[in-house]
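Number of protein chains: 2
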Amino acid sequence: MKPSRLPMLLAALLVAITAAPSIAQQSPKPEQLVKWRQSAYQVLAWNNARIKSSLEEASYNRDEVQRAANVIAALANGNLGSLFAPGTEKAKGWRETAARPELFTEPRVAQLAADFSREATGLAQTAASGDPAAVRESFNKLGRTCKACHDAYRVKD
Amino acid sequence: MKPSRLPMLLAALLVAITAAPSIAQQSPKPEQLVKWRQSAYQVLAWNNARIKSSLEEASYNRDEVQRAANVIAALANGNLGSLFAPGTEKAKGWRETAARPELFTEPRVAQLAADFSREATGLAQTAASGDPAAVRESFNKLGRTCKACHDAYRVKD
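Those sequence lines, one after another, are chains Y and B.
Numbering-wise (my numbering), the first sequence opens with residue 89 and increments by one.
Numbering-wise (my numbering), the second sequence opens with residue 89 and increments by one.
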């Protein structure tokens with residue numbers, strides 16, 4: 089070994105040592121990702137139910153709807169796609185995944201995800217206005233983007 | 089029955105009929121609430137891990153951190169308390185609840201929840217600025233509010 093290379097090797101070793109824990113954290117196990125994924129969709133279901141309930145009540149709860157719409161919008165724009173990373177196709181989280189294999193391969197999924205993000209942002213904006221009729225329309229639009237993906241890529245119960 | 093009371097009774101009946109489905113939706117079963125609750129905390133853990141990971145990486149990912157902080161803030165301000173409704177003290181969601189009984193009775197919990205909401209909002213605001221040092225400080229503040237509640241009210245593994 090040439091003596092001149094030693095500092096470079098030491099530097100590389102230092103990078104490797106300090107980077108190791110970070111790399112481990114960047115790559116949670118597939119089972120962990122699927123548990124988070126299933127949790128994220130449960131949280132979407134919770135907030136969907138809150139908005140639906142408020143729209144069907146005699147007195148519309150603007151605050152409740154806005155909070156719920158904000159959660160949905162934050163998740164829809166929160167890089168949910170990272171929870172569908174390679175290796176998660178068949179991994180078990182809280183339970184077996186309900187995602188069909190095609191979800192991980194078909195290019196149109198990106199467009200469906202973009203539609204979902206756009207309508208979720210739209211609902212959060214509409215919810216801030218407080219007009220129940222407008223919220224209902226935005227909510228229905230959002231629901232169609234959910235359904236489009238579920239119909240094609242979610243295993244039937 | 090006096091005839092004059094009939095319209096009032098009919099009106100009351102109409103209210104009861106139309107309100108019934110709404111009441112059913114407003115009151116999901118405790119098991120459902122606990123499943124949503126456990127899911128919400130998993131989503132918090134996911135986004136906590138993303139921010140932690142970005143802060144420990146050589147290159148800070150501002151976009152990633154901001155998206156994650158937005159999810160945490162939306163949930164922290166999203167009325168998580170409703171998922172701790174009466175009846176959920178011992179209900180099983182994905183698994184047995186990790187919430188200790190005192191969580192449902194001690195008045196100081198409201199203050200801990202308010203602390204959490206405040207610091208989550210602060211982190212989302214700091215994340216928008218993009219300064220990693222400021223984000224680290226906000227993230228640590230938020231972490232202390234998580235820990236304060238977990239130490240007192242979460243069953244030890």
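Please note that a few of the clues may not be correct.
Unchecked claim - Just so you have them, the derived chain Y footprint on chain B, three or more residues with Cβ under 8 Å:
# : segment
1 : 158-166
2 : 172-179
3 : 228-235
What the hints assert, rightly or not - Here are the simulated lysine to aspartate or glutamate pairs, DMTMM-like style, with alpha carbons at most 25 Å apart:
#  : chain 1 : residue 1 : chain 2 : residue 2
4  : Y       : Lys117    : B       : Glu194
5  : Y       : Lys140    : Y       : Asp245
6  : B       : Lys180    : B       : Glu144
7  : B       : Lys180    : Y       : Glu184
8  : B       : Lys117    : Y       : Asp203
9  : Y       : Lys180    : Y       : Glu225
10 : Y       : Lys244    : B       : Glu194
11 : Y       : Lys180    : B       : Asp239
12 : B       : Lys178    : B       : Glu152
13 : Y       : Lys117    : B       : Glu145
14 : Y       : Lys178    : Y       : Glu225
15 : Y       : Lys117    : B       : Glu144
Stated by the list, open to error - Computed spacing ranges between beta-carbons, pair by pair:
#  : chain 1 : residue 1 : chain 2 : residue 2 : range
16 : B       : Lys229    : Y       : Gln199    : 28 to 34 Å
17 : B       : Glu119    : Y       : Arg242    : 20 to 26 Å
18 : B       : Asp239    : Y       : Ser170    : 38 to 44 Å
19 : Y       : Ala198    : B       : Asn149    : 35 to 41 Å
20 : Y       : Glu194    : B       : Arg232    : 23 to 29 Å
21 : B       : Gly218    : Y       : Gln213    : 35 to 41 Å
I should point out that these hints are in silico values taken from the structure, not numbers from a laboratory.
We put the CB at the ideal spot given by N, CA and C, even for glycine.
Now for the hints, and whether the structure bears them out:
Beta-carbon proximity to chain Y at under 8 Å applies to 7 residues in the segment 158-166 of chain B; the threshold of 3 is reached and the given coverage holds. Here's how the segment 172-179 of chain B fares: 0 of its residues keep a CB closer than 8 Å to some CB of chain Y, so the rule of at least three is not met and the hint is violated. Evaluation of the coverage hint for the segment 228-235 of chain B: breached, as 0 residues show C-beta separations to chain Y shorter than 8 Å, against a requirement of three. Proposed proximity of Y:Lys117 and B:Glu194 is contradicted: the alpha carbons are some 37 Å apart, above 25 Å.
For a cut-off of 25 Å, the pair hint linking Y:Lys140 to Y:Asp245 stands: about 22 Å separates their Cα positions. Our distance criterion of 25 Å between C-alpha atoms is broken by B:Lys180 and B:Glu144, whose separation comes to about 36 Å. Pair hint B:Lys180 plus Y:Glu184 holds up; C-alpha atoms about 19 Å apart against a cutoff of 25 Å. As the CA atoms of B:Lys117 and Y:Asp203 are separated by approximately 32 Å, the hinted pair breaks the 25 Å bound.
Restraint check for Y:Lys180 and Y:Glu225: not satisfied, since their Cα atoms lie roughly 36 Å apart, outside the 25 Å limit. Pair hint Y:Lys244 plus B:Glu194 does not hold up; C-alpha atoms about 43 Å apart against a cutoff of 25 Å. Restraint check: the Cα-Cα separation between Y:Lys180 and B:Asp239 comes to about 29 Å, which exceeds 25 Å; the hinted pair is violated. For the hint pairing B:Lys178 with B:Glu152, the CA-to-CA distance comes to about 36 Å; that exceeds 25 Å, so the pair is violated.
Restraint check for Y:Lys117 and B:Glu145: satisfied, since their Cα atoms lie roughly 18 Å apart, inside the 25 Å limit. About 36 Å separates the Cα atoms of Y:Lys178 and Y:Glu225, which puts this hinted pair outside 25 Å; it is violated. Taking the CA atoms of Y:Lys117 and B:Glu144, the gap is about 18 Å. The hint holds against a cut of 25 Å. Evaluation of the 28 to 34 Å hint for B:Lys229 and Y:Gln199 yields a failure: the beta carbon distance comes to about 39 Å.
Taken as a hint, the range 20 to 26 Å holds for the pair B:Glu119 and Y:Arg242, whose Cβ atoms sit roughly 22 Å apart. Evaluation of the 38 to 44 Å hint for B:Asp239 and Y:Ser170 yields a failure: the beta carbon distance comes to about 30 Å. Range check, Y:Ala198 to B:Asn149: Cβ separation about 20 Å, and the 35 to 41 Å hint is violated. With their beta carbons about 44 Å apart, Y:Glu194 and B:Arg232 fall outside the hinted range of 23 to 29 Å.
Distance hint check: the CB atoms of B:Gly218 and Y:Gln213 are about 24 Å apart, inconsistent with the given range 35 to 41 Å.
Of the numbered hints given earlier, the model fails hints 2, 3, 4, 6, 8, 9, 10, 11, 12, 14, 16, 18, 19, 20 and 21; all others are met.
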